[in-house]
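Protein chains: 6
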Amino acid sequence: MPHPRIASVVAVEPHPDDVEILCLGTLLKLKQEGTRLTIVCVTNGDKGSGNQPDLPYPEVAAMRFREASSVAAALGAEFINLGAEDEYLYDTPELRNALAAVFRRAKADVVLAPSPHCYQTDHTIASEIAFQAAHLSALPQLRITPPALPALPALPSAPAMYYYDTLPGLDFEPSFYVDISGQMARKQELARMHTSQMASMKSQSDWDLVEAIEVLGRMRGLQSGTRYAEAFRLCARYPRLKAWTQFPA
Amino acid sequence: MPHPRIASVVAVEPHPDDVEILCLGTLLKLKQEGTRLTIVCVTNGDKGSGNQPDLPYPEVAAMRFREASSVAAALGAEFINLGAEDEYLYDTPELRNALAAVFRRAKADVVLAPSPHCYQTDHTIASEIAFQAAHLSALPQLRITPPALPALPALPSAPAMYYYDTLPGLDFEPSFYVDISGQMARKQELARMHTSQMASMKSQSDWDLVEAIEVLGRMRGLQSGTRYAEAFRLCARYPRLKAWTQFPA
Amino acid sequence: MPHPRIASVVAVEPHPDDVEILCLGTLLKLKQEGTRLTIVCVTNGDKGSGNQPDLPYPEVAAMRFREASSVAAALGAEFINLGAEDEYLYDTPELRNALAAVFRRAKADVVLAPSPHCYQTDHTIASEIAFQAAHLSALPQLRITPPALPALPALPSAPAMYYYDTLPGLDFEPSFYVDISGQMARKQELARMHTSQMASMKSQSDWDLVEAIEVLGRMRGLQSGTRYAEAFRLCARYPRLKAWTQFPA
Amino acid sequence: MPHPRIASVVAVEPHPDDVEILCLGTLLKLKQEGTRLTIVCVTNGDKGSGNQPDLPYPEVAAMRFREASSVAAALGAEFINLGAEDEYLYDTPELRNALAAVFRRAKADVVLAPSPHCYQTDHTIASEIAFQAAHLSALPQLRITPPALPALPALPSAPAMYYYDTLPGLDFEPSFYVDISGQMARKQELARMHTSQMASMKSQSDWDLVEAIEVLGRMRGLQSGTRYAEAFRLCARYPRLKAWTQFPA
Amino acid sequence: MPHPRIASVVAVEPHPDDVEILCLGTLLKLKQEGTRLTIVCVTNGDKGSGNQPDLPYPEVAAMRFREASSVAAALGAEFINLGAEDEYLYDTPELRNALAAVFRRAKADVVLAPSPHCYQTDHTIASEIAFQAAHLSALPQLRITPPALPALPALPSAPAMYYYDTLPGLDFEPSFYVDISGQMARKQELARMHTSQMASMKSQSDWDLVEAIEVLGRMRGLQSGTRYAEAFRLCARYPRLKAWTQFPA
Amino acid sequence: MPHPRIASVVAVEPHPDDVEILCLGTLLKLKQEGTRLTIVCVTNGDKGSGNQPDLPYPEVAAMRFREASSVAAALGAEFINLGAEDEYLYDTPELRNALAAVFRRAKADVVLAPSPHCYQTDHTIASEIAFQAAHLSALPQLRITPPALPALPALPSAPAMYYYDTLPGLDFEPSFYVDISGQMARKQELARMHTSQMASMKSQSDWDLVEAIEVLGRMRGLQSGTRYAEAFRLCARYPRLKAWTQFPA
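Residue numbers (numbering that gives the first Met the number 0), protein chains in the order written: chain A, 0 to 248; chain B, 0 to 248; chain C, 0 to 248; chain D, 0 to 248; chain E, 0 to 248; chain F, 0 to 248.
To be clear, the hints were calculated from the coordinates, so they are not data collected in a lab.
Any given hint could be a false lead.
Because identical chains cannot be distinguished in the list, a pair is counted as satisfied if it fits within a single copy or across any two copies.
Unchecked claim - Straight-line C-alpha distance at most 30 Å; calculated DSSO-like pairs for lysine-lysine: (1) 106 x 201; (2) 201 x 28; (3) 28 x 106; (4) 30 x 106.
Please build the complete structure, drawing on both the sequences and the hints.
What follows is the structure, encoded as structure tokens:
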């Protein structure tokens with residue numbers, strides 16, 4: 000596959016597993032076309048142990064890093080964690096620059112980010128950081144030098160940016176749906192590799208990761224005339240908004 | 000081109016020239032891929048003579064039919080006029096059925112329609128007729144027999160439906176943009192074939208058809224990172240909403 | 000149960016089965032409290048035979064009337080059909096009056112109606128008819144005499160009006176959710192009595208009535224912290240909007 | 000006052016008294032500047048006798064015509080009634096033309112109309128009729144001949160159109176507020192001339208015309224930093240939307 | 000009253016008196032049912048001396064603390080002040096944790112918070128802090144230890160969260176209204192105990208606390224068919240959104 | 000011109016040139032009436048050198064300060080720069096106070112600010128700072144002392160606040176339009192004085208400052224029935240929302 004339609008996609012997630020729930024089917028589809036995939040997690044997810052409330056935070060972070068890395072490896076994606084503190088994410092210059100550096104290094108054509116209207120503050124803040132980082136990544140005059148690395152050249156233009164669905168489909172008016180009926184089995188299989196989150200979510204609600212994926216995917220499929228789908232929304236702000244070369248289908 | 004991505008598109012317009020202003024660039028693009036194109040006009044446009052206010056209505060209708068047919072011929076599209084009275088369009092069973100019959104006969108995969116929030120009532124009513132006709136076209140139990148013709152078989156599923164932009168971009172939040180930079184010159188050339196409307200619009204405002212196309216196209220291009228674009232919005236209602244097979248680009 | 004919290008509820012549906020899909024769980028719950036229930040269907044549903052496209056329309060209407068009546072009987076509700084033509088519903092004075100007469104006769108405290116933004120025109124028109132009928136039902140100066148019956152006294156005040164969810168949850172921002180986890184089994188059992196629609200829907204899509212109920216109920220449940228829920232929206236227009244006597248829970 | 004800023008304003012109301020409740024303060028203000036005022040009522044209001052439910056409809060219509068005429072006379076406005084049936088208003092070609100004829104005859108610069116999202120169907124339909132009539136009034140090729148009168152010349156351009164507030168401020172996001180603190184006393188005095196409606200409204204709710212005016216005016220004043228105000232919304236659709244010559248204050 | 004319908008409600012306010020203006024009638028109603036009430040104020044309100052601009056800030060804070068405490072005592076609620084600086088509120092980890100600790104200690108079932116679209120930044124920030132704190136309060140793995148106190152156990156599930164109305168009803172689309180006609184006299188009596196704010200507001204506008212309560216309550220009542228009402232909006236985000244056990248009335 | 004309708008307007012911009020693109024035509028119009036004009040820029044714009052990416056940041060800031068000052072001088076406005084870092088603007092107490100001090104010193108009647116939904120974070124943050132500063136400027140109890148200056152007296156009431164358009168017209172629903180056809184030539188002439196930005200923008204897109212002004216102005220003109228217009232939106236929040244003394248025209 001020497002020429003994928005979209006060369007490089009970076010998916011930004013607040014915690015390890017958000018991408019798995021909300022847009023993994025689409026990433027699997029893009030991978031089949033040859034798109035380069037990067038998943039970048041903004042926080043360390045160290046509060047994600049609802050079923051084992053007494054686990055030390057650093058152990059939780061380490062466990063989730065291993066799980067997310069395994070999924071990324073199985074998907075054929077690079078996984079990066081920016082290490083901010085779970086549940087207390089703030090929009091800092093350092094995180095904006097770190098994320099813009101990821102976009103530059105990956106030569107991102109497309110950024111997938113959480114919705115600015117999502118279910119907890121880490122999500123909305125991660126969305127805002129991605130929003131500004133997409134802009135910064137294409138400013139040649141902005142010299143971003145990651146620690147111990149030379150400056151990364153700016154992107155020729157800002158990546159197209161899309162918001163993936165919210166959990167569980169609340170306060171989200173999709174711009175479009177992608178059919179993932181053919182990717183659903185694999186999506187659930189990969190999501191199940193988040194062993195800790197399967198248990199943690201179940202302990203805090205009546206559903207686990209894979210059940211949430213099933214219900215949301217089925218609902219978005221019902222809405223859009225197929226078995227399973229994922230929903231997305233344009234970030235309709237210059238310069239992240241890009242006209243498409245084809246009428247979509 | 001034996002296998003276009005989208006086999007058949009029907010563009011619905013309230014008056015002869017609306018498609019030219021608002022989505023002709025996209026139709027030109029689809030034509031290049033081999034898509035079958037149909038333009039169906041709901042009214043006869045017989046009030047479209049602002050510059051010659053005393054022209055008898057039937058003459059205006061005839062003149063505009065000739066102009067719209069010429070554009071369609073140059074584009075390689077079929078042109079159909081349903082003949083309702085200009086400025087006094089109402090949603091009738093006959094028009095719903097007539098439009099559903101067009102969708103069936105054209106085996107439409109995609110319907111492009113005016114926005115339900117457009118600048119005059121013929122537009123909003125044409126939008127509503129198209130909305131219900133898209134649904135009716137796929138009901139096998141609904142037997143539509145155009146005058147003097149056998150019953151048309153129902154579509155296997157309702158066509159995907161999208162709204163094209165409003166004139167001039169008011170009360171319209173696009174779901175996506177299509178780059179028509181490569182089609183703009185031809186779009187304007189074809190639009191200019193509406194000689195009567197070039198003069199009529201100019202007499203009622205400070206712009207003519209081609210100037211409106213230029214400003215709106217440039218604005219949508221500026222918004223979406225290209226020279227010229229056209230904007231569309233999902234009709235986000237079952238069963239006209241369809242998941243796409245590809246992530247768009 | 001001499002004093003139910005809500006004495007009488009009328010649920011308006013465009014076709015026989017809409018109430019079953021979208022608010023039957025809530026009706027079951029109200030029934031348990033002793034609320035008087037009326038289901039009024041606006042069209043005869045005579046196009047609902049997707050799986051048997053050649054069935055004569057009157058046979059379809061008769062079959063669906065039997066099915067809807069059976070469900071209503073099992074629920075303990077009155078069922079009324081206003082007999083308008085399926086797929087071609089228009090807002091007429093006769094239908095407004097007929098519906099207002101139903102509200103008056105049932106002494107409705109609450110009206111449940113389809114959303115004005117639903118998936119086909121019969122739904123949106125039924126919503127508009129119910130909107131005006133709710134107002135008319137409480138005008139003492141409006142003398143409504145159903146055929147062959149004396150005039151019905153006006154309601155002391157317009158019923159509170161709520162929109163039930165859309166199929167399948169599109170273009171609908173809920174004002175609130177009702178937990179129907181305890182009613183779900185019975186809801187599906189009753190819906191299954193629409194034998195014709197179970198088959199008709201399946202033939203036109205990949206789901207049947209009960210699957211749609213399952214997915215939508217599960218999704219609304221996931222959103223609102225329970226197993227299964229139904230979603231509603233205020234009709235926020237005077238005089239259908241009523242302050243509640245209690246903070247809800 | 001030879002040169003008022005706005006030469007002629009036409010206020011459209013569904014029933015006799017809507018203008019009094021919702022924009023009379025602004026009309027009083029414009030009158031002081033020398034603006035020509037026309038109030039056109041679309042229905043005959045013959046159902047407006049909540050306190051005397053047995054009054055024959057024609058008597059109600061006649062009584063309300065007298066009341067509305069008196070208010071208009073006191074204001075220095077022309078009053079016209081188009082005579083459609085109260086509670087059963089539909090959008091017909093005849094009413095569109097009749098209203099467009101009023102706009103032409105009054106040489107309207109500005110049209111004030113009910114919101115398309117108002118509390119009963121007569122209001123929303125009157126809003127739609129005014130919407131299309133504003134467009135028709137400026138089409139020179141549309142020849143409108145009122146019964147027994149010569150054709151009226153088209154307006155040079157469509158009047159600017161604004162929606163006045165809803166009763167009671169529901170589903171209405173104002174574009175701007177006009178300070179009517181200095182007009183409030185006179186507004187209430189004139190409204191009180193609707194003797195029948197003072198009694199009719201009181202009999203159907205806990206407020207009468209003047210109380211509603213007081214509460215709504217006070218609320219809009221509180222919102223906009225003054226004692227009493229009226230709220231308006233742009234009709235943001237071509238060609239009814241007009242840039243202003245001055246930044247407002 | 001051993002079993003109130005709602006066991007514990009926490010109302011969050013940016014400044015001492017916001018709860019009094021915007022939801023005190025509902026709190027009075029809940030109190031009658033036996034609900035445990037807590038009012039938590041985020042800032043110290045030390046800029047609230049418009050009528051005495053030279054008063055030292057600490058004196059203002061002390062005075063307002065006394066006033067708010069008196070109201071709470073009269074209502075039978077606990078009053079807590081988190082002590083952030085008035086007019087300069089920011090979303091910090093400390094405030095999130097402090098507020099989550101209040102929710103945990105009060106075993107909150109329901110949180111009432113300012114709208115995220117309110118009239119000054121302290122309100123929108125307080126809304127955001129409450130939003131995240133509601134989530135944090137139910138994470139067992141999050142160990143919150145208030146100064147000099149043992150860790151508080153997490154709530155079994157996040158409290159249901161609702162936004163109360165804005166001052167003065169701007170940019171707020173209510174999800175529902177609560178009838179407070181029976182509580183209005185007492186609400187105004189309690190509000191009047193904010194002697195300093197009665198004078199401060201009057202000095203900065205043409206209304207005082209009690210006048211604002213009167214106008215807003217009357218307007219919300221007019222909208223919802225009663226004398227006086229308060230308006231609320233769902234926080235429609237997981238896990239703060241809860242299905243109700245009853246259809247509301 | 001001893002008595003302009005609006006005595007003093009302050010236009011807030013995130014970077015030097017935003018006012019020029021988005022509301023300079025209106026400022027030119029107000030200047031003709033005798034309004035006192037102040038332009039206050041929040042950041043130093045030191046990243047605005049897309050065409051010369053290696054220019055040291057302080058040089059860029061100095062160059063842009065000169066350009067913006069020249070435009071302001073030619074316009075007859077005061078220019079102030081608050082000096083925050085370009086691309087990394089945050090909402091701090093110092094910036095709130097500095098901006099409120101500008102409003103106080105200019106005795107602002109009207110504040111024009113960027114939209115809270117604009118294309119990059121500096122814009123949305125500048126909008127939020129202006130939002131709170133407008134409120135702070137009218138609190139007599141808030142004692143703002145700019146460095147080395149005595150305390151500035153509070154404004155008698157908060158300035159009216161309006162958002163100017165976004166670049167390029169995205170996510171912005173105008174409340175009103177101002178006709179700038181007569182000001183367009185001068186607007187473009189002044190904008191061209193931003194020599195560095197003419198080149199920098201062109202290097203990052205296919206348009207420069209003046210082309211963007213042309214397209215946006217023409218589009219807003221087409222929408223509002225004139226050649227060129229600028230669009231504004233109310234900040235519909237107390238106390239920045241003010242009723243107007245006149246119906247606008």
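The hints, checked one at a time:
no. : hint      : verdict
1   : 106 x 201 : between (38 Å within a copy, 22 Å between copies)
2   : 201 x 28  : both (28 Å within a copy, 28 Å between copies)
3   : 28 x 106  : both (19 Å within a copy, 28 Å between copies)
4   : 30 x 106  : within (16 Å within a copy, 33 Å between copies)
Every hint from the earlier list agrees with this structure, and none is contradicted.
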